[in-house]
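Chemist: Take a look at the letters that make up each chain.
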Amino acid sequence: MKINDLSERQLGYILIAPALIFIFGIAIFPVFRTIWISLHNIDLRIIHLGTPFVGLDNYIAIFQEARFWNALKNTLFFSFTSVSLEMFLGFGAALLVNRKFKGRSIVRASVLIPWAIPTVISGLIWRLLYNDQIGVINDIFLRLGFISESVSWIGNSSTAMWSVIVADVWKTTPFVTLLILAGLQTIPKELYESAKIDGANKWQEFINITLPLLKSSILVALLFRILAAFKVFGLIDVLTSGGPSNSTESLSLYAHRLLFRNLNFGEGSVVSVMTFLGVLLISFIFVKIFNVDLSRK
Amino acid sequence: MKKLLILTILLTFVLSFSSVIMAEDDVVELVLYGRVDDTSTITNMIERFNEEHPNINVVQESTPSGDARDSYVTRFAGRDDSFDIAQIDIVWTPEFASAGWIAPLNEYFTDSELDAFLPGPITGTSYDGQQYAIPRFTDAGILYYRKDLLEEEGLEPPTTFDELYTQAGLLQSNYDVSQGMTLQAQQYEGLICNILEYMWGNGGNVLDEDNNVVLHSEENIEALDFFAKLVKSNVTPSGVSSYVEEDARVPFNQADSAFQRNWFYVWGHVQAEDSPVKGKVGMAPMPVGPNGEESAATLGGWNMAINNFSNHKEEAATFIKYITNEEAQIENALNTGRLPTLKSVYNSEKVLEEYPHFEELYDVFINAKPRPVSPMYSQISEVMQREIHSVITGSKNSNEALRDAHNEIENMIN
Numbered sequence: 011m012k013i014n015d016l017s018e019r020q021l022g023y024i025l026i027a028p029a030l031i032f033i034f035g036i037a038i039f040p041v042f043r044t045i046w047i048s049l050h051n052i053d054l055r056i057i058h059l060g061t062p063f064v065g066l067d068n069y070i071a072i073f074q075e076a077r078f079w080n081a082l083k084n085t086l087f088f089s090f091t092s093v094s095l096e097m098f099l100g101f102g103a104a105l106l107v108n109r110k111f112k113g114r115s116i117v118r119a120s121v122l123i124p125w126a127i128p129t130v131i132s133g134l135i136w137r138l139l140y141n142d143q144i145g146v147i148n149d150i151f152l153r154l155g156f157i158s159e160s161v162s163w164i165g166n167s168s169t170a171m172w173s174v175i176v177a178d179v180w181k182t183t184p185f186v187t188l189l190i191l192a193g194l195q196t197i198p199k200e201l202y203e204s205a206k207i208d209g210a211n212k213w214q215e216f217i218n219i220t221l222p223l224l225k226s227s228i229l230v231a232l233l234f235r236i237l238a239a240f241k242v243f244g245l246i247d248v249l250t251s252g253g254p255s256n257s258t259e260s261l262s263l264y265a266h267r268l269l270f271r272n273l274n275f276g277e278g279s280v281v282s283v284m285t286f287l288g289v290l291l292i293s294f295i296f297v298k299i300f301n302v303d304l305s306r307k
Numbered sequence: 092m093k094k095l096l097i098l099t100i101l102l103t104f105v106l107s108f109s110s111v112i113m114a115e116d117d118v119v120e121l122v123l124y125g126r127v128d129d130t131s132t133i134t135n136m137i138e139r140f141n142e143e144h145p146n147i148n149v150v151q152e153s154t155p156s157g158d159a160r161d162s163y164v165t166r167f168a169g170r171d172d173s174f175d176i177a178q179i180d181i182v183w184t185p186e187f188a189s190a191g192w193i194a195p196l197n198e199y200f201t202d203s204e205l206d207a208f209l210p211g212p213i214t215g216t217s218y219d220g221q222q223y224a225i226p227r228f229t230d231a232g233i234l235y236y237r238k239d240l241l242e243e244e245g246l247e248p249p250t251t252f253d254e255l256y257t258q259a260g261l262l263q264s265n266y267d268v269s270q271g272m273t274l275q276a277q278q279y280e281g282l283i284c285n286i287l288e289y290m291w292g293n294g295g296n297v298l299d300e301d302n303n304v305v306l307h308s309e310e311n312i313e314a315l316d317f318f319a320k321l322v323k324s325n326v327t328p329s330g331v332s333s334y335v336e337e338d339a340r341v342p343f344n345q346a347d348s349a350f351q352r353n354w355f356y357v358w359g360h361v362q363a364e365d366s367p368v369k370g371k372v373g374m375a376p377m378p379v380g381p382n383g384e385e386s387a388a389t390l391g392g393w394n395m396a397i398n399n400f401s402n403h404k405e406e407a408a409t410f411i412k413y414i415t416n417e418e419a420q421i422e423n424a425l426n427t428g429r430l431p432t433l434k435s436v437y438n439s440e441k442v443l444e445e446y447p448h449f450e451e452l453y454d455v456f457i458n459a460k461p462r463p464v465s466p467m468y469s470q471i472s473e474v475m476q477r478e479i480h481s482v483i484t485g486s487k488n489s490n491e492a493l494r495d496a497h498n499e500i501e502n503m504i505n
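Residue numbers (my numbering), protein chains in the order written: chain L, 11 to 307; chain H, 92 to 505.
It is possible that some hints are incorrect.
Unchecked claim - Anything over 12 Å on all C-beta distances counts as not near chain L; from chain H, calculated:
1. Asp172
2. Ser173
3. Pro195
4. Gly220
5. Phe228
6. Glu247
7. Gly260
8. Val305
9. Tyr334
10. Glu478
Unchecked claim - Derived coverage of chain L by chain H (criterion: at least 3 residues anywhere in the stretch with Cβ under 8 Å from a Cβ of chain H; other residues may be distant):
11. 48-60
12. 244-253
In case anyone wonders, no lab produced these hints; they're calculated from the structure. We put the beta carbon where it would ideally sit given N, CA and C, even for glycine.
Please model the entire structure based on the sequences and the hints provided.
Modeler: Listed below in structure tokens is the structure:
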């Protein structure tokens with residue numbers, strides 16, 4: 011049999027087969043495997059129990075855990091707050107660095123620095139910044155008279171989550187800036203020129219040209235950020251390790267603790283599946299309702 | 092179809108290539124997997140071992156210590172037989188043993204061989220009446236104090252909770268140290284290591300000998316009350332509830348704190364050439380509470396275990412014996428300052444000459460206690476971390492927190 015004997019369709023299938031096998035192996039199989047594990051009692055510490063099928067028992071157990079709802083609440087609060095701030099600041103920064111001014115290329119490059127620093131490193135940097143004895147933040151605030159004695163930003167349940175959010179905003183705002191800046195540069199200059207001729211002011215230009223043409227960039231940035239924020243792990247693990255008394259524990263952190271610390275793979279997988287469903291739901295809303303076209307971006 | 096055939100052949104070739112590389116001869120290759128050691132001591136020992144044992148070739152594979160547990164869990168859960176010896180933390184032993192991941196060692200080590208080790212590390216690495224790991228070096232919680240400041244006040248190092256608190260406050264107000272004491276109180280494993288020293292030192296415990304939960308006791312409430320007072324007071328830094336080891340060490344090392352609870356590694360730092368407190372620091376056992384009889388230290392340290400999936404257990408045991416014997420431990424103590432696990436090394440003249448303080452600290456190490464030896468330990472620790480942290484950050488009182496932790500741990504174990 012020669013290649014020529016194959017129909018175009020058959021040849022197509024053969025050519026994409028390796029990619030499909032690859033995707034199945036690293037993306038689809040693990041998801042179903044995790045779901046399978048979540049329906050079994052797999053506690054590696056007590057192997058004599060075997061790995062019996064327990065249906066939805068693990069789900070029921072997790073839903074009865076206050077810790078799960080606390081982690082879900084923390085995750086939603088973190089995602090909503092940090093992504094809102096990042097979109098707002100990122101958008102502003104993009105508009106700013108899109109203008110022509112002296113030293114623009116240096117500003118554009120330096121905006122990206124926080125994004126380029128690995129999460130764990132930026133977590134460690136912020137740990138030092140927040141330190142009550144040697145931290146710069148306390149020092150500045152004390153000098154400015156905002157606070158009368160140094161505050162334990164990450165050791166205090168009323169400030170810890172906000173401290174994590176600030177660190178995350180610092181790190182990922184550049185990502186939003188980058189995506190929106192790219193969007194801004196695809197808007198043809200002619201549109202603004204003709205708007206000017208028609209007598210539109212800056213605000214009208216922004217509302218009628220910039221925003222509508224940026225819609226897909228904004229939605230893509232928003233989608234990526236929400237997905238990443240929903241899965242937050244490294245930053246919190248380094249900064250607070252979930253404390254004070256679990257007030258910054260996210261779903262991913264909780265899943266990691268169940269899986270790798272407690273070796274309870276059944277219940278840990280439930281939390282992973284819930285995180286997966288959350289991510290799936292968010293993606294679904296974006297793709298179906300907001301019509302985000304990922305292939306065009 | 093021809094293309095497919097070629098592809099298949101290629102694939103088979105690639106897959107089998109990996110086994111071609113591992114063409115066997117008579118030498119058994121042992122892979123030692125564990126955290127990175129910052130000195131070349133272990134590398135030198137491995138080289139010597141390989142020379143002395145022509146039929147065994149030990150190679151080292153390292154993992155950063157922060158990730159060690161995750162990578163062990165991944166490899167063991169996948170029944171990985173590509174490593175033979177694992178260097179594990181003392182608290183993992185019961186879990187890994189109960190999971191069937193590490194092999195019992197009693198057929199390789201006699202009881203009298205095991206008796207030569209300090210009792211704490213041996214208890215901490217045994218499970219269900221079997222020995223599962225051999226302690227290579229140990230560690231324990233120590234109270235570091237500013238010798239010079241105490242001498243000036245004419246005081247002896249504190250032996251009770253109250254003495255510690257008053258002395259720390261006194262030195263803080265009379266001298267140029269902004270902190271009375273530093274310790275570890277972030278919500279993490281180190282918090283448990285800290286609080287247990289006060290609970291044990293006040294006669295309390297988490298589990299009794301029959302593994303009943305005894306956490307919610309008068310002694311523990313009193314110990315936690317004291318610990319919370321210490322953490323919340325101005326004697327300790329305001330951010331101490333987010334402190335880990337290095338956060339506690341740095342101020343003390345910069346001559347900015349009078350006391351510090353930390354592990355033995357700190358000694359090397361305070362005695363370093365450029366240290367502002369060189370020669371001004373003493374080490375003492377942790378203080379005893381009003382209801383306690385003797386001081387307690389939480390045991391740390393790393394241990395050598397054999398991967399239960401390994402095909403070379405016999406050879407692995409030979410290597411573990413070699414690397415934990417008296418000669419190796421003396422060398423390790425001299426080169427790294429790590430604490431030996433064999434009792435006899437504490438009498439070695441060579442070691443005492445270099446580290447005279449080993450003699451007085453022997454009492455700390457011989458009394459150091461393992462954290463609850465249970466396959467459920469990680470989960471017990473997690474519950475305690477959360478509840479104790481809620482006390483020191485002010486959202487619960489000791490009685491409520493310990494009652495809640497007690498009930499939760501009881502439900503978990505039964």
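Chemist: If a hint holds in the structure, say so; if it doesn't, say that too.
Modeler: Right, here's what the structure says about each hint:
Here aspartate 172(H) stays apart from chain L, with its beta-carbon at least about 17 Å from theirs, past the 12 Å limit. Listed as outside the interface, serine 173(H) is consistent with that label: its C-beta sits roughly 19 Å from the nearest C-beta of chain L, beyond the 12 Å cut-off. In this structure proline 195(H) is separated from chain L by more than 12 Å, as the shortest Cβ-Cβ distance comes to about 15 Å. The beta carbon of glycine 220(H) sits about 16 Å from the closest Cβ of chain L, which is more than 12 Å, so the claim that it is off the interface holds.
Taking the minimum C-beta to C-beta distance to chain L, about 24 Å, the non-interface status of phenylalanine 228(H) holds against the 12 Å cut. No beta-carbon of chain L is positioned within 12 Å of the beta-carbon of glutamate 247(H); the least distance is around 28 Å. The Cβ of glycine 260(H) sits about 17 Å from the closest Cβ of chain L, beyond the 12 Å cut-off, so the non-interface label holds. Every CB of chain L lies more than 12 Å from the CB of valine 305(H), the least distance being 22 Å, so the non-interface label holds.
Not every CB of chain L is more than 12 Å from the CB of tyrosine 334(H) (nearest about 8 Å), against its label as outside the interface. The beta carbon of glutamate 478(H) is not kept farther than 12 Å from every beta carbon of chain L, the shortest such distance being approximately 7 Å. Given as covered by chain H, the stretch 48-60 of chain L passes the check, having 4 residues with a CB less than 8 Å from a CB of that chain where 3 are the minimum. Here's how the stretch 244-253 of chain L fares: 4 of its residues keep a CB closer than 8 Å to some CB of chain H, so the rule of at least three is met and the hint holds.
Checked against the numbered hints given earlier, this structure breaks hints 9 and 10; the rest are met.
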